[in-house]
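*Asks:* Listed here are the chains, written in short residue letters.
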Amino acid sequence: MNAYLIYVARRLVILLATVFISMTVVFFVPRLVPGDPLGAIFANMASVGGSVNAPELVAEYRLRFGLDRPMWEQYLSFWRELLRGNLGFSISNFPAEVSDMLLSALPWTIGLLLVTTLLSWTLGSIIGAVVGWRGRQAGGWRLLVPVALVLYTIPYYILAIILVFSFAFHWPIFPLSGAYSVGMQPGWNSAFILDVLRHAILPALSILLVSLGWWFLSMRSLIITLKGEDYILNAEARGIFERRIMWGYAFRNALLPQATGLAISLGHIVGGALITEVIFAYPGVGYRIYNAINSLDYPLIQGGVLLIILSVAAANFLIDILYPLIDPRIRFEGTGGS
Amino acid sequence: MQHRTIHRLFFLLLLLLALAVTVACQPIVTTVEQAPAPAEEAASASDDPRAQTLNVAVSRPFADPTSYNIYTPGFDRSRTGLGAMVHEYLFYLNLETGDYIPWLATGYEYNDDYTAITVNLREGVKWSDGEAFNADDVVFTYQMLRDNPGMVWANEANQAVASVEKIDDLTVQFNLTEPNPRLHLVREAFPAVPVWSGITIQPEHIWSQVDDPVAFKNDPPVGTGPYTLANATESAFTYERRDDWWGAEVFGVTPAPQTVNFMHVGPETSVALSLAANEIDTPAIGILSPGAFDSVKNRNDRVTAWLPELPYAWYDPCPRALMFQHEHEPWGDPNMRKAISSLIDRDQIVALAYEGATTAANTIWPAYSGLQPYVASISGIINDSAVTYDPDKAEALFTDAGYEKDGDGFWSLNGERLAPALLTNADSAENMKVAQVIADQLEAGGVAVQLQPLSGSVQNTALLEGSWDLYAPQPFCPGTIYENMELFHSKFYVPTGQSAPWYERNSFRYQNPEYDAIVDEMLAALGAGADEATLIDIYDRGMEIWYNDLPVTPLVQAPALVPFNTTYWEGWPNAEDPWMMPVNWWATMNLLLTGYPTPDGSGWVEGIHPAGQ
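Residue numbers (numbering that gives the first Met the number 0), protein chains in the order written: chain F, 0 to 337; chain B, 0 to 612.
Hint data in this document are derived by calculation from the structure and do not stem from the laboratory.
Mixed in with the good hints, there may be bad ones.
What the hints assert, rightly or not - Examples of chain B residues toward chain F, derived with CB under 7 Å:
1. Ser66
2. Pro72
3. Ser273
4. Tyr502
5. Ala532
6. Thr533
These figures come from a predicted structure and were not determined experimentally.
Cβ coordinates follow ideal geometry from the N, Cα and C atoms, glycine included.
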C-alpha cells in the first residue's frame, strides 16, 4: 500500500502543477489581447443608439480594477486573492462578483449535463453491448446502428432546432425556451420543480440523443472486438451461460475504456453546453464564459477557466487513482505509469 | 435470454417516455408560456393573465440579474427595460411629431446668453417609496456624478454643467460651463431623453446613504415610474404596474398592461416562433430579419410592423455610412475616398444585405419629414457629389491619382497593389452582411479589399484606435441636424493609436478648420434663435465642404424592423398613425404604454390598449 500512496502523492503534485500552469496562462493570455474590458459594453450600447465618452470611462475602470499597475503586480495580487478564495468582481457586469455569477449558473449546467451524460452513458453502453453481442441475431434492434450513426453525426444544434420546431411550436407540448416559466419564483415546491423538468426535456433530449449515439457505437464496436478474444471462446468452451459471458466477461472488460470516456466527459461538464444554452435560452456556465472571453472580462475568464481546470484535473486525478484499484493490469509500482 | 433483456430495455424506454409526457402535460398555473389561445378569445378573456401582460423579446440573457444601478457601464438599461419602466425623465423628445414632452418637469427656460437653464419641476411627483420628488434629488444626482467619475456620463455631465442650484423645492437652475443653447437635447448632461436615454435623477434619500455609488446594487430600484421591478432572473425582468403611481393622480391615466416582461427567449428562430405563437408582443431591434418577419406574418396575421409591406421598417435616427481612416494613406486624399464611394452600389446593399428592408442614403441624416427642408436644400450639392454608384467616375479618379490596373485587374500604384483592410463587427449580423456586399463590390471595381471581421472588445479597441483603412457599416447618431454636423468637428480628433471618444465621433480622424468654423457658426446661430432660412444657409455652406471632402460616405437609412403583435395589444404606432417612435429599447418606451400630454397641455395622446377595446 506504501507504493500506492507514493503514486497518489505524485498524481497530486501533477494536479497542482497543472492548475498552477494553466491559471498562469489564463492570467496572461487575455491581457495580451489588444482590447479594453469595457469594449463589448460600448459596442452593445452603440447598437441601441447609446454613446459615452469611452476613453475617460475606460480609464476610471482600469484604475478601479488595478489594470493600470504593472503586470507582475497584478499577477501577484491575483494569486494572493485566489488563495484567499476571492475571485473578485466581474468587469463587464460590475458590481456582480465572479463567484456569484458562476455559482448561479452552475446548478443549471450540472443539472442538465450530469443527468444527460449519466443517462446517455448508461443507456448507450447497455444497448450497445446487447446489440454488439447479438450481432446478426439482434433483429430489429440492428436498425439502431444507422440511427445512432445519424444521431452522432448530426450537429446537435440542428437537432435542437428540429426539436424546438416540432415539439414546442408545431405541437406545443413543451415550452419554447428558458429553464422555467417567466414570472415564476424559484423555490423547492412541486409546481416549480415540475416546471423546471418540463423546460429541461427538450434541451436534455438534444444532448442525450447525440451523445447516446456515441456511447452506443463505441460500446458496440468494443464488444464486437472482444467477442473474438480467446478468453471468451474459452469461457464458451467451458460451457458458461452465454448471459454470464456477455455481462461478466465481455461487458466488464469493455467498460474500462467507456469509464475513461465517462470521466473525461464529466470533467468537461462545468464548461457548459454553449450552443444548447443559446438555442434554448437556458442559463448556464457556457454562455457566461463565452461572453467573458468576448468582452475580455479578465476576472470572469479566470474564474470560469479555474472551474473547468479544477474539474477536468479532478476527474483525471480520480481516474488515475481509481484505475489501479479497478484494473489489476494497471500497475503503479516502479515507473508509476498508468 | 437476450430477448428478455431487450424487452426489459424496451419497457424501460416506454416508461421513461410516459414519464416525460406526464411531466410535459402538467398544467402550470402561473406560467405565461401557455399554448396560444385564438386571438378573439384571448382579447375577451380579461382574466387571462397573458391578456394583461406585455412581453418584449430581447437579444441576450441577463448575465447578472441582481444589480439595478443604471450608472454602471455593464448595466443594460435598454434590454432590462429599467430605464423605461422604473425610471422617468424630466423631458422626452418625440422624433415623429417633434414634440418636446415635459414629464417630471413642466418647462425650461435659458437665460439670455445660454449659460444657464432654469427648469420647473412638476408638482405631485412621488418616488415609488412615497417620498416626494423635488429639486434636492436633481441637485444631489449631479453632485453624485461630480464625486464619482466612474459612473456612466459623469464626465460628460461634469464637462457641460458647472453646477446645479436649488431655487426652491420645484425649481432648479443648471449653470453651464460654456454657452449651450442645445443642452436640453444633450442626453449625456441633461435629464431628458432625445434618443435612447438621458441623465437619470436618483432619489437623494436612498443614494445619499451609499458609500460607493458605483458599486451600489440599487436593490430594490426606487424610481418614479408607473411600474416596479417584481422579479429578475437570467431570462426575464418582470415589472408590475403600481397602483400608487403619481401619474394616475396628476395625469389621470394608467398604462394598460398589468405586467411587462423583458424576456430572452433565444436566438432569431426562437423569437420568430414565439412571436408567431403569440408569446411575444414586440421584439427589440436587430433580432428579426425581413425573411424571418415574412414567415411570422404568414403564420400569424395579427403581427404587424411600421409599414404593411417592404421595407416594413421604421427608420431609426442613425443612418449607416462607410468610414475612411484619414491617417492611413491614401485615405487622407478626398479623391481616393470619392473613388471608393463611387464603387459602392447602395441599392444592391439594400437588396442583398437588408433584403429590401431599408432605402439607400446619400446623407447622414434620417429621412424624417422635419429634416426635409435641410436635405432638400442641398440636393444640388448631392447631385454633383460622389455618393452614387458610378464605376466610370471611380476609374477616372484612380487613373488621375496615378493608379494602374495590374495583371489581375486590381488598381496598383508603382507596382504596389491597393489593398485596404475593411474592418467590421463580427458580433453584428447586419455588419457582416453589409461589409461582405461592400467587399464584393470593391473587388469587382478592382480594389483588392481585405475583409477583417473582429469581435467583442478586440473589435471595439481596433475601431476606436483607428487601426483600419475602411470601416462599415457605422451608424451616425443621434440624427439631428446640428449634432450630426458636429460629429465631424476636429475637437473630437485624437491621433491614431489613442482611443477616439466614440465611434462616429471622429474615429476616422477628419480635420478641416473651415468646416469647424461652420459648425461653430451653426451653434451660435441656434443660440441666437436664428430662423430656419438662416440655419439652412449655414447648413448649405457646411455641406458644400462636407461633400467636397467626403470624410465618410453614406450608405443606407437605418432600418428598425420592429414587429408588433396585435393579438393582445393594439394602438401601436405605424406609418399610418405615427404618433410615437415604435421603439421598446429606449427610455421613451413608457410613453408607448401611457401616452403623453399634448404640447399645449389640453389633451392626451393615447397609449396602447387591450385588443378589441
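*Asks:* Hints broken by the structure, by number, lowest first?
*Replies:* 5, 6
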